[in-house]
Every structure is written in structure tokens, then in C-alpha cells.
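*Asks:* The lines below spell out each chain.
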Amino acid sequence: MTADIVTARDRSAFAAARAVMRDQPLVPLFALLALLVVVLQVAQPGIVTASWASGTMRFAIPLAIIAACQTLTMLTGGIDLSVAVVASMTAYVMATLVSDVGWLGAALVALVPAAVVGLVNGIGVGVFRVHPLIMTISMSLVVSGAVNVYARANIAGGTRVPPEITWLGGQSLFGFLPTSLLLFVPLAALILFGLRRFGYGRLLYAVGDNEMAARLAGVRVSIVLVVLYVISGILAGTAGLLYAGVIGSATGRLVDPYLLPSVAAVVIGGTSIFGGRGGYAGTIVGALILTVLTTLLNVLGMPEATRQILFGLIILAVAAAYTRLTAGT
Amino acid sequence: MTEVTDAAAVEEPRPERMTWRDRLGRAMGGDAWTIGLAVVFLAAFLFTLVLRPAYGLEALAIASLPIAFAAAGQAIVVISGGIDLSIGSVIALTNVISAVLLMNAPELSVPIVLLVLLIGALIGLVNGILVVISRVPDIVVTLSMLFVWAGAALLVLPTPGGDSVEWLGELIDGGFVIDLVPRALIVLLATVGIVWIPLRRSRLGLSLYAIGSNELAAFRSGVNVARTKAISYAIAGLFAALGGLALTASTGVGQPIPGPYLLLSVAAIVLGGVSLAGGRGGLLGPIIGIFILGLIRADLLFLGVDSAYSTVIQGLIMVVVVMLGAYLTLRRKAI
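Protein sequences appear in the order of chains A and Y. So in my numbering, spot 40 of the first sequence is number 40, and the numbers just go up one at a time. Position in the second sequence (first residue = 1) + 1000 = my numbering.
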């Protein structure tokens, strides 16, 4: 009914907006981010400073890395719901080993079980063709149990986050650049560049867009998926290490609350959950948006309950706007 | 339902001779899986009786009641091709609403119970309508609504509290006629049966399977896909409300932080032979699946296994079962 009375001019404006969204999906995302920052500044004048930006980035970076796992798996039409427990496990294992093998050794050893979990996920999804949602949920049950078993065995050992990790996660260069950028910039560049230029990156899109076509074109889909979930496990572990550095301590459940935001960041960032469409740049902005949004809801002095409700509604609204505007022909 | 599965079977070229793998694979979609589950359940129960002769089904039935309702609700959504990640939050929300209302007006307990069931169905309907009109994937919609309903539960009751009424507790406590049959089990089977059996035989039930099996084919056959989808979420909401009420009845309080119902309901779906692709399975399988998971936990406890190990073992069992199930489906497709 409303469509009937829309004038031609309105319709062309809408079409133009839609074209912008389709061609430059990052533009509206940055606009949303800027809007949130402006609202934040209005809500509490003077809060937006260099150190505020630094703190926001420090919290957004581990989220962006965990969301990278989600981005890459969603590009193939999958999802990795084991990322949060894997990240917690890696952080905790690292913190228990530091006293024995030093910070670098502990970090590297702690990434091994993360990669193994990824390998099992990959074999389940790629070789046995289990639905990724179910495979990774089942594995997260195994992992969270295994962390408890390990914690029980290690009760006397104690945990310690080494100063090197704390430096990497929680310090600033020149007063405002978070040190975690030293890790994140090369990593993000690799993912962004790799998805566009590496053969493997193109294969992820190909498998997600049309698996049968990829298979008929000679792609070994099962190997692509196994490698993908191993990468996802290692990325999740890296995020866990970094988050332990941000917080300065590590428990067996440290990163668990990041699971749903990691999915939300990818969805806001415009990657299709059905695969084949999207990219990492949107996810990074999505992670920033979620972090600023959390700060904003905190600053507005809302109770936890209202914050959760608004958080859910805003994610849904952004996802719905995206789906409407980018819906193809 | 039978029409749909028969049509699917006709399309598949039939192999001349079936190996045991084909038979097993073919049976996965039918009743054989549920019967197999029932056998596993009986074996696990006998094993438990060997370990602990005094063990009765009552404790298991009461503890499993909310999760079994969650599994039933999740199964209906998955059968119609969706997924409801918000089911744990809806259980928490209906749990706190019922606990608060019952504390303030215990004399109105019967209308309150009916009201909570209605609220649950409406919450589910909101989920379903959002899935339909936003055109956003169901995972994303219900993920967002997970936060919304969890927040709403915290608004209703910031800290655990509230109260239950006596008859609700008595409804699920103790035996039915004889002590061997726990009342909680009767309540579970009766409520699920009252909702599900007429539904499955109706036009709507057939539509639920149809849109899960092939949405486009269902649409072209004249099924109102949007309405059927929304209704599937509403029924899931109704079951979540039953779960919330069961929680109020068994614990006597409202707990605003949801338990691990989402994970367990999905686990039960997998164990219960409901395909995540939709269109296949029933409600009995997932419910038996929940009871098996509960029995395994009890067995491991009686064997003196640390509870941390039992989570690992439960998870490993799930991994093996899903891999086996997927492998058999794969064999069936390859032929």
C-alpha cells in the first residue's frame, strides 16, 4: 500500500542507497559506527578521547580475531561455535604452563590443543559431513569438560599471565596505539589479502557459493574444510591469549561470553550466514560497533537487563536492514 | 507426514540389493532410530539398576522435565526447517514470570499457569513473525532474541526469587498409581501427547514437515509457508513455557539466568534422529535422547567418575553419534 504512493524520486533515492549498500557495504557500517560515537559523546561529553579510542580497540581486537573464525567458516556456509571455549582453553593452558616453559613456549604449546580441536571439527564437517553447528557445539561440550578435568589436575599449579602477554594485550604505544595492533594489523592484512588474492581464499568463497560447482571444478572440498577449521581453531586460540593479556588473568571460562558477540559481529559486518558473500573488513567494523555499543549502553546507565534487550534488538535491526537493502535481484 | 516421506522414497532410484549399511541408513529416517534409542535407554537403565538397585526413574524424570520440554519445542522448529537459539532464554523468562505471579497471587494459580502458557506461545509467535518478516536467517533472529528474552527475564526478576504453589510441585513429585511410574514422566508424555498427536495428524502438522522438507515445493503445493513457520515457533514457545513451569514446579523459585537448555536441546535433536536439514524425525526420539543423556550422567556419578570427566564423555558420545549418523546418511546419498 505504501509502495503505491512512493514517488518515483523516492524510489530512485532508495535504489541509490541500495546500490551504495551493495557496492560499498562498508560505507553504511562506518556511518553507523560514527553515529554511535557521536551519540556516546553527546551522552557523556568529553568521553571520546585518544585513550578511550585505545581502550575500545584493545577490547575490540580479540573480538575481531574470534569473529575472524566465524567470518571464514561462514564464507563456506558453516559456523564455528567452539571458538569461545577453545579461546578460553588456550588462555588457561598458557597461564598454567608459563612457570615451566616461559611465555613463548607456553603460548605455542597452548595453541596445539586449539589446532587439534579445529582438526576434529574439520574432519567432522569436511569428511563426515556433519552439520557444522552440531559438530562444533558437540566439540565445545568436550572442550569445556576437558578444561575442567585439566583444572582439577592442575589445582596446585596455579595460573599466571606473563608480563609479555599483558604487554601485548593491554599496553599502548605512544600513549594511544594499543600494542595488540602489532599482532592484529599483520593478521588482519593477511586475512583480507588472502581472501582476495590467495587461491585458498577464493576456494572458501567458491565452496560457500556453490559447493557442487566447486566439487565439479576439481576442488577437494573436504581438505579445504579441514584446513579451514584448523585455521579457525588457531585463530580462536590466539584471540584467547590476547584476551588474557587484556584482562591480566586467565580462567577456564574467560572468553566464553564472547561466543554470541562473535557471531553478531560477522552478521553486522554483512557476511552471509549461508556462505559465499561477505568479507573480513565488515567484521572488523562490526566488532568495533559492538564494542562501542556496549560502552554506550553502559554509559547511559542502563541496568544489565535493558542493555541485553537493546543489544539484541539492535543486532536484529542492523541484520534486517542489511538483508533488505542488499537483497539482490 | 507419510505422504511426504513416501514421495521422497519414490524419487530415489532403488538399489536392486540392499546391504546392511543401506538398510541401516534407510532406517535412520524412520521409526527404527527411535526404537533403537528406546533399546539403548533400557540397556542404560538396567545398567544403572545393576550399579544402584534402589535407583528409580523419578529423580531422572523430574530433573529431565524442563530439558525434555525444551527438546520437544526445538524438535518442532527443526522439523519445519528452522532453529530456535532463544529457547533457553524463553524458559528462563517464563520461569521467572510464573514464580513472581505465583508468589503474589497464589490463590489464582490455575489462571496464572494458563496465562504463562499463553505468554510462552506469544513469545514464540514474536520470534516466528520476526523470522518471517525480517527475512534474516533464523539463526541470527533467534540469536538476537536470545539476548532480548534473557534481558526481559532479568527485568522481571533481577535475582533468583519468587515462589511456587504446592499443587505444581505435587504434580510432578512422586509416583503415578504405582511408585515405578514417576508422575513427572506421565505429565511429560501427557502434555507432549496432547499437543503433538492431534497436531501431527492435522493439515498443519503435515505442512510443518512439508516446509521443512522443501520450502519451495510446499509453497507450490499451496502451503502458507510464512504462517506455518510462525506457528512452529509459537508451538516451540508453548513448550518452552511448559519447561519454565516445570522448572518453577521442581525448584520452587524463579531463576533469571538460563541453564544449558539450548545446548542440551540441540544435543537431544541430534541424538533423537531429527535432521537439522528439516522435514525428518519426531518428538519421541529427542525426549528419549534427553533421558539417555541424564542416565549416562547418573551412571558416571554412580561409577565414581568425576563430573568433569562425565561432561567430556557425554560430549564424545555426541561427537561419535553425529559422525556415525552423518556417515550413514552419506552412504545412503551416495547410492
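Among the clues, some could well be false.
Chain A stretches covered by chain Y per the calculated footprint, using a threshold of three residues with CB under 8 Å from any CB of chain Y [to be verified]:
#1 128-138
#2 145-159
#3 255-268
If you're looking for bench data, these hints aren't it; they were derived computationally from the structure. Quantities reported herein were computed from a predicted structural model and do not represent experimental measurements. Ideal placement from N, C-alpha and C gives every residue a C-beta, glycine not left out.
*Asks:* A separate judgement is required for each hint: does it hold in the structure or not?
*Replies:* Going through the hints against the structure:
{"no.": "1", "hint": "128-138", "in the structure": "holds (count 9)"}
{"no.": "2", "hint": "145-159", "in the structure": "holds (count 6)"}
{"no.": "3", "hint": "255-268", "in the structure": "holds (count 4)"}
Violated hints for the displayed structure: none, as all numbered hints are satisfied.
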